[in-house]
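Based on these hints, arrange chains B and C on the given structure of chain A.
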Amino acid sequence: MEGSFYTLQDFMAYTKLVVYLIMVAILFGITGFWLFLSERDADQEPEEHQNKVQHH
Amino acid sequence: MTLTRRRFLGWMSAAGASTLLGSSANAASSASFKGFPGSFAVLHDITLCVGCRVCEAACNKVNELPLPDKPFKDLTVLNEKRRTNAKAFTVVNRFENEQNPKNPVFAKKQCNHCLEPACASACFVKAFQKTPEGSVVYDHTVCVGCRYCMIACPFNIPAYEYDNPLTPRIMKCTFCHPRILQGLVPGCVEACPKEALSFGKRKDILSLARERIRKNPERYIDHIYGETEMGGTSWLYIAGNSFKQAGMREDLGVTPAPELTAGALGAVPLVVGLWPVLLTGIYAINQRKEKINAEEKRIAVAEAIERTHAQEKQKLASAMEKAGKDAQKEKDLAIKQAVKKALEEAQQGKTEEATDV
Amino acid sequence: MSEKTISVNKFLTPFNLVAGIILLIGAVITVLRFTQGLAGVTNLSDSNPWGIWIGFDLLCGVALAAGGFVTSAAVYIFGMKKYHSAVRPAILTGFLGYALVVFALHYDVGRPWRLPYPFIVQPGTTSLLFEVGACVALYLTVLFIEFTPAAMEWLGLKKARNIVVRLTLLLTIFGVVLSTLHQSSLGALFLIAPSKLHPLWYSTYLPVYFFVSSIIAGLSMVIFESTLSHHYFKDKMDNTHLTENTDVTLGFGKAASLVLAGYFSIKMVGIAASDNWHYLSTGYGLWFLLELLGFVALPCFMYAVGVRDRNVTLIRWTSVVAILGVVLNRFNVSLIAFNWHLPSSERYFPHWMEIMTSVFIVTIGILVFRFIVTKMPILYAHPDYKETH
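Chains as they are written, first to last, in the working numbering: chain A, 44 to 99; chain B, 1047 to 1403; chain C, 559 to 947.
Simulated from the structure, these hints should not be mistaken for laboratory data. Watch out, some of these pointers could steer you wrong.
[Claimed, not checked] One-sided excerpt, in silico: chain B residues whose CB lies under 8 Å from chain C: (1) Arg1129; (2) Val1171; (3) Val1188; (4) Met1196; (5) Pro1200; (6) Ala1205; (7) Arg1295; (8) Ala1310; (9) Trp1321; (10) Asn1332; (11) Asn1339; (12) Ala1340; (13) Glu1342.
We treat Cβ as the ideally placed atom computed from N, Cα and C, and that holds for glycine.
Next comes chain A alone, as it looks inside the complex (with noise of 0.2 Å):
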């Protein structure tokens, strides 16, 4: 990797672009994830609600 790259700068320039957009990968992923939580949530809350009723 070292010999593409004749200077720090450019070696950064690369590296960056990549964490960069990891990062914007980051981003989406943890919207999708937590849509994903929370639907599951959403799913269980009208169970959790039944399982007090049925407790009392």
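Relative to the frame of chain A, chains B and C by itself:
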């Protein structure tokens, strides 16, 4: 508001974690990057400069810059210290010679075309590029005009067209990149009448400088300015007095600009990856705590209700028991009385029978 | 008198007149800026490329708008529900603050229409300014979305409003992430110039200092803004806002006191790490001590006393001191301790037109704030929407 230990820790770690992340994320340093092989450099021998300003005139002509108010032949401008500006890529300044006041020191100043340019590191549109030939070139077609490069340059070289309302550019020495590509030398180097400027491959220029110092130890101080300053530059200097006397900063250090910001840049993706985990964790802990609190509350209420019921039940039971006891008492009493009455009646009957006979 | 005359007279309050004059002057300066260049309206030079449009409008503007992420994090992530009434005013202040920062940048950069270039033409990924730009752009979007429920309630867009409200936690998390990044990166901008910033202010901890002090600024601005709102917009506040206010002031004052104490400590660590104690006895050293003792240690103590004695007035005055402290710090890093090597003849002082431009921009912010706060459910809960949190 109760500040629980957990809440405090949550705040503090969320604020202070980057302290730990600060300087460790620096996988590469310029030591592992050798620069473009065969890139060019210039040696400026300050002891040879006489302050004639012919280099300034040549630069002005080659770059088609507007002519200054005072002509280049006018040496009175040397009475003041000048810096590069939007119309002058290079300037020559005169300095006091403390060792030999009769021979003032003259030194040329221009972009040093650093091996790891601070301007390139700072520019957020990548308008600066270190070329294989050694020139650090500027692309005015993408420049937004934020002037961060001017903040970053430790040598205070980039100048700006402040009086241009709509198309202002950064102005700095180009190392005559177009000329170099054609196999020519930079305009200033060609024009210098005293050969104070020498052009060649960087390693050759370094050898040349070392050779001059070795051959004339009483003439030069034993240091090549630009060999390691800010990670190394393409314009190298040798001088008779301290470089400070020639108006050059000696406290810049050897760390190249990209390394100065590598730590901060390295921490950025860690925040993006870990903060959501940390914050969701804090949120989940709080949710659980609230849930437990709500559950405990519910249990407490339920228990209270049950206790009240139990109390009432007991009250009722004891009341009933009492009522039962009272009823029993009454019953007993009634039975007693009935028995008594019966006995009395029986007794009376017997007494009557006895008197009848 | 006719109805029209009465409404016109109501419009011409002293504040509106002054604001109007400021807007007029601002318009003139705008024209000058884009016909004569920066040279026509600023004292910027080749040695001083950044002036108060960066030092105040950008650096202070972003720091003082930090109340948005601080308050929403406190309420939605840390679950401190009793501060809920402070969220919408803080988000609004944050949104307007960042929007005005972007607006101010259009005056400062040479070719403002090229501001999107780093994202659509050529990203300078090694630059911390790229990082600042990307995060500010994203965060402005997040703030805007967080602000829209208030506007949608005003416009009666119930369905859209409910969709956005469900995103609150996610947006809050993004807000904290993005704020951490750009608040710290504004400090990191100066890492590249160790030879130009005085050693007492230059530190590898600059990003941490800027982030921590932005929290202080955010907490203090919420207290300050609520003080002003309570004075000028009391009639717009509902009961929740009025009753929660004391809790907000006390709670945020306590938090600010703690963060100021932490900030003070890490500043000491910074001096020790570079062995810079000897600088404290110089002129710049005294100025540094003024910033550290008068505007960090002092408000820390004042906040603590105010919280302990439940002295809301003291806390309110302290917020002004704390805010001035953050402003002073940003000025020091970017203007006063920056270029400290240069002779005084080459040092920078703003042109009156630069100052006027900043006043103009702040005035626009106040006017928009006033409009939104008087028309939309910021200081009160809209009757159609029950508070679900």
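Do the hints match the structure? See the list:
no., hint, result
1, Arg1129, "holds, 6 Å"
2, Val1171, "holds, 5 Å"
3, Val1188, "holds, 5 Å"
4, Met1196, "holds, 4 Å"
5, Pro1200, "holds, 5 Å"
6, Ala1205, "holds, 5 Å"
7, Arg1295, "holds, 6 Å"
8, Ala1310, "holds, 4 Å"
9, Trp1321, "holds, 5 Å"
10, Asn1332, "holds, 4 Å"
11, Asn1339, "violated, 10 Å"
12, Ala1340, "violated, 12 Å"
13, Glu1342, "violated, 16 Å"
Checked against the numbered hints listed earlier, the structure breaks hints 11, 12, 13; every other hint is satisfied.
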